[in-house]
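**Q** Take a look at the letters that make up each chain.
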Amino acid sequence: MKARANAMEIIGATMVASLVFVAVLAPILAPHDPTRAVANSFGDPAGPSWAFPLGTDALGRDVLSRIIYGAQISLEVGIAAMAVTMTIGVTIGLGAGFFGGRVDFILMRFTDVMLTLPALLLAMALVSVLGPSIRSILIVIGIVSWTSIARVVRAEALSMSQRDFVVAARTLGAPPYRLIVRHVLPNVAPTIIVMAALGTSGTLLLDAALSFLGLGVPPPTPSWGRMIEEATIYFRVAPWLATFPGLAIFYAVLGFNLLGYGVLRRRAR
Amino acid sequence: MRPDLNFAVLRAALAMMAMVTVAGCQRANDNFGFPPDAKVLRLASNDDVPSLDPAAGYDTASWTFEQAIFDTLVRYGDADVELHPEVATAWESSPDGTVFTFHLRKDVRFSTGRPVTADDFKYGIERVIDPATLSKGMEYYQEIAGAADFAAHKKPHVDGIETPDPYTMIFRLSGPDPIFPHKLAMPFASAVPREVVEKWGEDFSRHVIGSGAFKLREWIGGQRIVLENNPNYWVKDQPHLDGIVQELGVNGELQWLKFESSEIDVLEAIPPSEFPYVMKTPALRALTLNKSTVTTEYLGMNCQMPPFDDVRVRQAFNYAINKEKLIAVINGRGVVARGVLPPNLPGYDPEVRGYDYDPVKARALLEQAHFPRDFKPLLWFRADQTGEMVVESIQQDLALVGVNVALKPVAWGPLLEAIRQPKNVQLFMSAWEADFPDPENFLSVLLSRQQFGSNNDAFYSNPEVEKLLDQAALISDMKKRYAIYDQAQLIIIADAPWVFLLHPVQYVMRKPWVHGYIMNPMRPTRFEPIWLSPRTSD
Chain S
1 MKARANAMEI IGATMVASLV FVAVLAPILA PHDPTRAVAN SFGDPAGPSW
51 AFPLGTDALG RDVLSRIIYG AQISLEVGIA AMAVTMTIGV TIGLGAGFFG
101 GRVDFILMRF TDVMLTLPAL LLAMALVSVL GPSIRSILIV IGIVSWTSIA
151 RVVRAEALSM SQRDFVVAAR TLGAPPYRLI VRHVLPNVAP TIIVMAALGT
201 SGTLLLDAAL SFLGLGVPPP TPSWGRMIEE ATIYFRVAPW LATFPGLAIF
251 YAVLGFNLLG YGVLRRRAR
Chain A
270 MRPDLNFAVL RAALAMMAMV TVAGCQRAND NFGFPPDAKV LRLASNDDVP
320 SLDPAAGYDT ASWTFEQAIF DTLVRYGDAD VELHPEVATA WESSPDGTVF
370 TFHLRKDVRF STGRPVTADD FKYGIERVID PATLSKGMEY YQEIAGAADF
420 AAHKKPHVDG IETPDPYTMI FRLSGPDPIF PHKLAMPFAS AVPREVVEKW
470 GEDFSRHVIG SGAFKLREWI GGQRIVLENN PNYWVKDQPH LDGIVQELGV
520 NGELQWLKFE SSEIDVLEAI PPSEFPYVMK TPALRALTLN KSTVTTEYLG
570 MNCQMPPFDD VRVRQAFNYA INKEKLIAVI NGRGVVARGV LPPNLPGYDP
620 EVRGYDYDPV KARALLEQAH FPRDFKPLLW FRADQTGEMV VESIQQDLAL
670 VGVNVALKPV AWGPLLEAIR QPKNVQLFMS AWEADFPDPE NFLSVLLSRQ
720 QFGSNNDAFY SNPEVEKLLD QAALISDMKK RYAIYDQAQL IIIADAPWVF
770 LLHPVQYVMR KPWVHGYIMN PMRPTRFEPI WLSPRTSD
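First to last, the protein sequences are chains S and A.
Residues in the first sequence are numbered from 1 upward in steps of one, following our numbering.
Residues in the second sequence are numbered from 270 upward in steps of one, following our numbering.
Isolated chain S, as found in the complex (with noise of 0.2 Å):
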């Protein structure tokens, strides 16, 4: 029998919908030039007025045409970056997974490592040996955020590779490769999208937290994590800075993880 689709996965289906509308749709929707000065309010942010409904920056740029191009960052990065982490993340759960013994013994060990070494450290050091920019910080958060997934997708795998059909896969003489592709791989699938829409929530953040850092996406492209770290200083004059950038971020994890629990809640019962 198959399950109903539940509130919470609608809710959160619903919610990254509307991000993805905002990020393809933002040059129309957003009301000026990110980038550009289009304020006179330079060194005294201006508090939302009618003209700019969130405020201008102490360079004079349009708070919610900022945050609305962030969307556009801010996923970009987010489901790159959770491609790449899963890439490595499946690769290496399902060949210990599936291979067991020796190669398992070795690929986890090197998991346990890798997740004794803290992932912000981690990712600060290599984007500053690699640079700031895009594809370094899609690279980064995929080295620092496979090891749960590769060990979720192991566990999938090993109990998949003990059962009967794979078994007589095995025996009818098919290749390992084959095995893998047509059989695990498809079984352990649902799983891997659950985990997926979980830890784009958990890229967004980190690519937040490097942002506000100074380590993610280079000026003067807008990320909502350089928002709110230009608008630490104001915080205590103009705290509407980085309330929104915040509340943006907010908004996106929250869609994601309602999305991801959603479908896990509906596949557990």
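Hint data in this document are derived by calculation from the structure and do not stem from the laboratory.
C-beta atoms are modelled at their ideal positions from N, C-alpha and C, and glycine is treated no differently.
Warning: the hint list may mix true and false statements.
Take a look, some chain A residues computed to stay more than 12 Å from chain S by CB distance [unchecked claim]:
no.	residue
1	R378
2	T386
3	W469
4	A638
5	Q654
6	V674
7	A675
8	L685
9	E735
Far from chain A, some chain S residues (derived; all Cβ distances over 12 Å) [claimed, not checked]:
no.	residue
10	A17
11	N40
12	D44
13	S133
14	I139
15	S161
16	Q162
17	F165
18	R178
19	G202
20	G214
21	Y234
22	V237
Rough simulated footprint, nothing fancy, chain A against chain S, three-plus residues with beta-carbon under 8 Å [stated by the list, open to error]:
no.	region
23	97-111
24	217-230
Starting from the known structure of chain S, fit chain A onto it as the hints suggest.
**A** Just chain A now, with coordinates in the frame of chain S:
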């Protein structure tokens, strides 16, 4: 617009945190070891003081304290950049500007009680010239006859510094230098007691003894530095303060809160976020003081690296950057730069126009120069929040004329290291503050060929300019001297090795009970004239 409610809540929370901190270590009541009624000036700074050794310190924080602890032969006035007597009562120079004679006071003593003589000044300067000391002030005294022989250990003393009697000093130079006395007003040339330096060696910085108005009482690295008045000080009615306490490691925002709660008496840097509010509030604005610094901030362009080897590109950048906006971004704390020299430097020419903001002209020049469309120059700058805002504003302006600049934030040390390498950095933010008030200190130090790899980081060189600079340096008639420097500056402006950005204006705030706090355009404020009336609870 200032949301008062949020502010009040936050302030209450921070005040509570501050109270807990104070209660925890009981510092508010014990007056830092001074008697309860002692007049102690309380300050705070973000960074520790690099050094108190006059041969070593070469920055504002070090000089602030060195000029309180040590004496030089001559000094600048409290508010001006003219030479006044300090330990020297009078001085004269030979007509050709190569021999300078100083007559010293006889009543000056170190804080230990030992009288100060000409030998103590000689020892101080020889220490700076000695390569083993690794002093950054070395270059300023190379022109004294025999300095090179002394530095190479061929002579036990510098021949060009004579002390015929304990209270007369004669300097003989290897060539004329009319502004030599200014170099003796730098803390490098302070009177230093040999016996104390030899006792402590490299640790002298932590155990300094001088003849200035104050002496070091306590210096706990990263925590605080405490000075107390020198009972042997030779100026009878100074200093007025019993002591000075500077807390170290207090960041800008926290300094602001401490100033608001009267835990410190002077706020040396007003946070950019608070500045507009301060200026809009008459009661706070009345507490501010400001000075135009003798400083020029600029965007350097490496003249040896294409496309910046093309003068049209460099001129285009000068037209493209909106300096008025830049100054607005830093809350109006600056004056538009029209050329290399700042307005309050003697020899400044108010007629110099420089480059106005003109993006249309900039576009035209870039087109003429065939500026490559897909070229993305990298702009290096010192990574701090104000610096970031400034370069982002520049980035905005350049984008409007079709130049997309990438930004590279780096720490100060590595930045200096990088820009000094030839053909390494295309664009960089930099600034120069005068050491002494003469155009030479800007033009020769920053834009002559012999400073390649040192201070001429734009790698700019024009034979015509070099000739004028060499010629001007020897001229004692100030009017003639300035006219030639002016000529050189006009050529430099046309060649545009920098985008001439701005001359910063520095603002401080002091509590109403602080009197005699006088800002000097070129040097840190002196503590000697400061006095305190009873503190009121505000």
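**Q** State for each hint whether it applies.
**A** Verification of the hints:
1. R378: 47 Å, holds
2. T386: 51 Å, holds
3. W469: Check passes; 39 Å lies beyond 12 Å.
4. A638: The assertion about A638 of chain A holds, with a minimum of 24 Å to chain S.
5. Q654: 6 Å, violated
6. V674: 9 Å, violated
7. A675: Per Cβ check, A675 of chain A is inside 12 Å of chain S; nearest 7 Å; violated.
8. L685: 19 Å, holds
9. E735: Nearest chain S Cβ is 38 Å from E735 of chain A, so the label holds.
10. A17: 33 Å, holds
11. N40: 8 Å, violated
12. D44: At roughly 4 Å from the nearest Cβ of chain A, D44 of chain S sits no farther out than 12 Å, so the non-interface label is violated.
13. S133: Check fails; 9 Å does not lie beyond 12 Å.
14. I139: Label holds. Min Cβ-Cβ 19 Å, cutoff 12 Å.
15. S161: Holds, since 49 Å exceeds 12 Å.
16. Q162: 53 Å, holds
17. F165: F165 of chain S is indeed farther than 12 Å from all Cβ atoms of chain A, at 54 Å.
18. R178: Per Cβ check, R178 of chain S is outside 12 Å of chain A; nearest 47 Å; holds.
19. G202: 27 Å, holds
20. G214: For G214 of chain S, whose nearest Cβ neighbour in chain A is about 7 Å away, the distance does not exceed 12 Å, so it is violated.
21. Y234: 5 Å, violated
22. V237: Nearest chain A Cβ is 5 Å from V237 of chain S, so the label is violated.
23. 97-111: Coverage by chain A is violated for the region 97-111 of chain S (0 residues, Cβ < 8 Å).
24. 217-230: holds (count 4)
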